[in-house]
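The chain contents come next:
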Amino acid sequence: MSKQAGKGGAGKGKKPTKSGADDKREDALQAVIIADYFQDRFKPFTQDTPRCLLPLVNVPAIEYTLEFLAYNGVQEVYIYCGAHSERIENYIEESSRWRPGSPISPFSNLEFIRVSDATSVGDFLRDLDKRSLISGDFILVHGDLVSNIQLDAILAKHRARREANRDACMTMVLRSIGDCDHRIARARGITPVFFIDPTDSRCLEYEEKHPFQRSKKIPMDSALFKHGSVEARSDLIDCGIDICTPDMLALWSESFDYELPRKNFLHGVLKDWELNGKLIYTEIIDDSYAARASNLQMYDCISKDILERWTIPFVPDSNLMHDQTYRRVKNNSYLENGVLVERNSQVIQSAIGSSTSVQSDSTIRKSVIGRRCKIGKNVKIENSYIFDDTVIGDGTTVIHSIIAGSVVVGENCNIPEGSLISYNVQIDNGVQLPSKPTARISVTTDNGDDVENDASLVGARGKGANYQVLSDDSDSEDEDEDADRDPSAMLNSLVYSLEGLNLSTESLDTFASDSEYNSDEDEEHGGYLHPGDGQRERLSSFTSDDAGKPDAFHSDAVNGLVDALRSDDNDDFDGAKLEFMGLRLANNASDSSMRRAIAIAFVNRASELLEVEHGGLEPTKAAEKALTAKNGAVKFIKEVGVGGEDVKQQSEFALAVQKGLVGVKGLETGRAGTLLAAMLQQLYNLDVLEEDGILAWWVDKRADEGESMTRVKEKCRVLVEWLENADEEDSEEESDDEDEDSD
Amino acid sequence: MAPSHAGYAPSLDKLVKSLKGNSLEQSIESLIFLLKRRQVSGDDCAVVTAHILLQVVARSKWSDVDQLLGRIQNAGARLARAAPHEPVIGNIVRRVLGLIRDEASEDRNADDLGSETASEIQSLAPSNPPPAQPQRPPPVPILTRSTTISGGLPVSKSMFNLLSVASAGDSPMTGASTPVSQAQGASVHSLRSEVIDGIEEIMDEIQQADDQIASFADIQIHPGEFILAYQPTKTVERFLVKAASKRKFTVLIASIAPPQPGATEAPYAALRKKLNAHGVTTINLASNGLMAYIPRVNKVIFGAKAVYQNGGLLVDSGACIAAEAAREFLKPVIVLSPIYKFCPEDPSDEAVIGELGNPSTFVSYASGPQVEELEVENTVTDYIPPALVDVYITNLGPQTRHHFASILADHYKVEDIGYSLHDGEV
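If you're matching them up, the sequences are chains A and B in order. Using the numbering used here, the first residue of the first sequence is number 1, and each one after it goes up by one. Using the numbering used here, the first residue of the second sequence is number 1, and each one after it goes up by one.
Think of the hints as simulated: they come from the structure by calculation, not from any bench. Cβ coordinates follow ideal geometry from the N, Cα and C atoms, glycine included. It is possible that some hints are incorrect.
Heads up, incomplete: computed chain A residues facing chain B, CB under 7 Å, no partners named [stated by the list, open to error]: (1) 104; (2) 177; (3) 309.
Calculated lysine-lysine pairs in the DSS-like style (CA-CA distance at most 30 Å, straight line) [what the hints assert, rightly or not]: (4) A/157 - B/248; (5) A/209 - A/436; (6) B/273 - B/248; (7) A/157 - B/14; (8) A/436 - A/366; (9) A/278 - A/577.
Here chain A is said to cover these stretches of chain B; the calculated rule only asks that three of the stretch's residues, wherever they fall, bring their Cβ under 8 Å from a Cβ of chain A [stated by the list, open to error]: (10) 33-44; (11) 363-376.
With the hints as extra help, turn the sequences into a complete structure.
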């Protein structure tokens with residue numbers, strides 16, 4: 001603590017450039033590892049094991065990251081863990097090399113930081129800002145990074161830029177992959193698009209594309225055209241290595257709703273460049289390797305790259321872990337000591353861990369097999385990843401699958417492309433796993449309970465069943481450890497998987513059913529591991545792609561507003577308003593989506609108040625309380641929600657309120673109608689809506705779509721009539737058929 | 001290899017600087033990982049191994065010779081395992097082990113006032129900076145080739161094996177153990193300082209080796225000759241520059257690596273500049289054009305990463321092509337290798353297959369279809385069988401492989417030859 005205070009001072013006094021630079025050189029290089037992703041792309045493997053401990057060519061992924069940092073001379077490391085943090089901590093504690101205080105650790109300091117209520121990477125970084133552990137430039141990486149980049153030159157450039165201009169707060173390291181078809185480009189899911197000034201490699205704007213997007217167009221800020229020359233590059237692998245200054249953390253703190261380092265933060269900071277004045281630079285490398293095992297396809301891709309030695313020196317026969325004994329043998333394979341390969345068996349371009357035996361006449365090609373496995377006779381394994389202690393029976397074929405540890409696969413089975421078999425599953429002899437949809441087998445459910453064995457899937461004597469990520473409120477997103485998650489956290493997690501778009505089932509389903517935010521897991525999951533074919537056709541079945549982004553905005557905005565309305569301690573609505581506007585800017589939300597979000601937020605609050613546990617108020621009281629309890633709320637609706645004096649806007653808002661009420665779950669239609677009437681009246685009384693607006697809504701055809709809409713609307717007849725009577729001139733043409741059933 | 005200017009990345013210089021401040025274990029570990037991450041490689045390995053072993057002698061706790069030998073063996077085996085592609089490390093470890101045995105037996109002799117094993121003391125001599133040793137007249141290349149063909153190799157090899165196997169049988173450490181126990185304190189102290197002196201001498205030897213080899217340059221290179229230098233190492237560069245100061249000749253520089261994209265200068269620009277300054281013409285060859293020039297060439301020269309006891313070489317990849325081509329046209333092949341690169345063992349399987357480097361030297365990772373469809377094997381080392389080499393120029397003068405047995409016997413103790421560095425305890 002004392003140290004950082006001193007260093008903080010040094011950092012401040014850095015403006016006189018020369019002396020500051022010298023101080024800096026003496027400083028130890030710091031790095032922060034984000035070892036939690038708030039995603040469940042690796043399920044079911046990450047049920048009990050955090051992603052960064054999954055073996056990547058038989059070495060836990062985090063070893064590559066730590067080794068990368070050591071390779072670049074990092075001295076102090078802070079690791080942010082979320083889910084399974086104890087597993088990661090234990091792993092490090094037990095590692096003779098990385099253990100804090102170990103005499104042989106290359107780091108002078110390695111610390112874990114736990115953030116109990118973190119729901120996103122943004123929370124980590126805001127926490128980091130509060131802790132003020134960081135004294136100077138630091139390297140921000142993720143726990144699943146594999147890279148052999150030498151950062152020295154990049155660090156020096158970054159430092160030079162920062163000294164020239166204090167607003168240069170971040171340098172992103174990106175790997176160019178050319179414009180040809182590339183397996184790693186397909187695997188990464190979303191395609192980041194960086195708008196870069198080629199003269200000084202400053203990043204001007206950031207957008208993301210994903211394969212489900214129908215339009216191939218990328219929105220571009222017109223301000224970009226004023227900026228001399230711009231390159232839009234989508235041929236870059238974002239390997240998540242950022243060289244940051246503490247200023248960058250301050251930016252995170254300022255924008256409390258940013259969650260993702262790229263989609264939210266980078267996009268937002270660049271958009272608001274004129275406000276914050278911060279400059280973000282890119283460093284595009286084309287000679288070293290860098291990639292993140294951020295989804296299963298990347299896992300597949302990186303494993304192949306390691307076997308093919310693109311990642312040198314991080315290759316199996318470097319034996320980076322102390323107990324490893326890999327040797328390169330013929331056919332470009334790597335065997336550890338004690339591997340037994342019987343005659344007539346072939347091991348081609350594969351890595352096999354110690355004490356594994358491969359019986360005769362088997363072929364293993366482009367695969368990774370862990371330690372102590374038993375591979376039977378006449379087995380064929382291709383492009384697959386098998387963790388430790390697994391048994392594969394005679395005559396079985398395994399193609400392009402992942403089989404976790406301690407699995408038993410019987411004789412003469414067929415494991416087709418894309419299968420995922422989690423820990424401790426047993427598969428009976430002669431089982432043919434389905435190829436469409438591909439199997440995803442686990443012995444536990446998403447909640448961690450044991451599953452009922454599915455004999456039709458794994459055979460009579462098998463163990464395990466198809467794994468489903470539970471939908472709705474019990475959706476356990478694996479890296480999230482706090483038990484009482486509020487719905488917004490869950491929605492956030494889905495936002496993450498939308499962002500990630502790993503092309504595996506979850507995200508496909510998420511897309512398909514994005515309006516409801518529940519992802520049933522029964523759909524096929526064919527996209528996995530071979531993204532090239534198949535998913536294009538499937539795209540057509542998705543709802544319009546642009547629903548994804550506004551919905552991200554929508555859920556965040558609604559939750560933010562409802563939370564603000566709920567809060568008892570604070571009567572002020574300004575904070576919520578600010579947050580809402582921030583979200584709107586960050587997401588570039590349209591007026592209509594804002595209107596919808598606001599209407600739904602107030603509707604949700606009002607309908608909530610009807611419920612017994614929230615006081616069981618009468619509809620009129622509930623509407624009044626929802627709308628007027630907070631100072632400024634009415635003004636907010638008027639200015640932002642309705643957005644003007646225009647009749648059309650007012651009727652739109654009324655329509656949004658109506659739709660929102662119809663959509664509220666557990667609210668029976670009659671009561672919804674009463675509440676709608678109460679709210680509209682309340683809004684009328686508060687001068688938010690004028691009678692013209694309400695009447696325009698009344699005649700709007702869209703308000704009659706569907707039975708429940710009509711029924712809800714009917715309840716407002718009294719109000720409408722009253723309005724018409726109050727303003728008699730323009731009521732004539734409507735009143736004739738609406739007079740009688742007004743109760 | 002290690003770009004070590006003022007950056008954060010660990011490097012050899014930083015390690016050597018930090019040796020004093022760090023604990024011994026820390027130093028060993030950091031070296032192990034420098035080796036594993038290829039941040040220290042090639043000739044640097046020898047120096048840094050000597051540095052570390054010096055620290056082991058100076059700072060680890062030991063009370064008799066056996067313990068010291070154990071410590072060195074342990075540390076040495078760990079280093080050697082970390083970089084199986086760098087046999088030099090094992091050589092230095094064996095040299096130090098031999099040094100300790102010598103010093104110990106010297107002590108014993110002093111204690112016993114006996115002078116029985118004068119021969120053992122004398123074998124310490126080579127670890128002194130060596131030019132004191134009489135230089136053999138350099139063999140005329142033509143002659144050597146004829147001897148090569150005559151095949152004296154199998155004899156010396158088998159005899160050598162005979163010896164080493166026999167000695168490996170009995171416990172390697174017994175020779176020195178007993179006597180030291182007597183006057184322990186004093187003798188441990190003196191042994192420590194003597195061994196440290198010895199290791200420093202080895203370090204000096206490593207440093208001076210290139211210069212000493214270069215001193216034979218004007219004997220090997222004659223005026224007007226065409227010399228093919230395949231991927232000149234530092235040793236070869238110095239050799240050529242030294243020769244250039246006395247002779248006028250032409251150097252053809254061949255290399256296999258494709259020019260780096262963005263490189264502004266032709267490869268080996270610094271060397272060419274130096275040679276041109278002396279009025280020596282240089283020609284750069286792409287390696288695939290190498291064969292065509294061989295008839296015009298008088299000699300082929302390259303440096304070795306290691307020389308095995310059978311006379312085989314571990315070299316940069318592609319040198320084997322040059323050597324084969326030279327053999328085809330009956331041109332002499334001259335190998336420059338300091339004595340410390342002579343390994344008292346046969347090449348391992350890995351050495352014969354060759355080490356694989358990064359495929360991105362030849363195929364850019366950015367070219368997707370190639371990454372997917374091609375299997376790129378970029379061997380960075382070659383093994384050259386002994387029959388292709390004519391002369392080995394060491395810091396002790398030109399040698400043929402018929403003398404290897406005696407060279408190796410001069411520098412390594414039989415006990416240590418039998419000791420395998422690659423399977424000690426972890």
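request  = Please name the hints from earlier in the document that this structure breaks, with their numbers sorted from lowest to highest.
outcome  = Failing hint: just 4.
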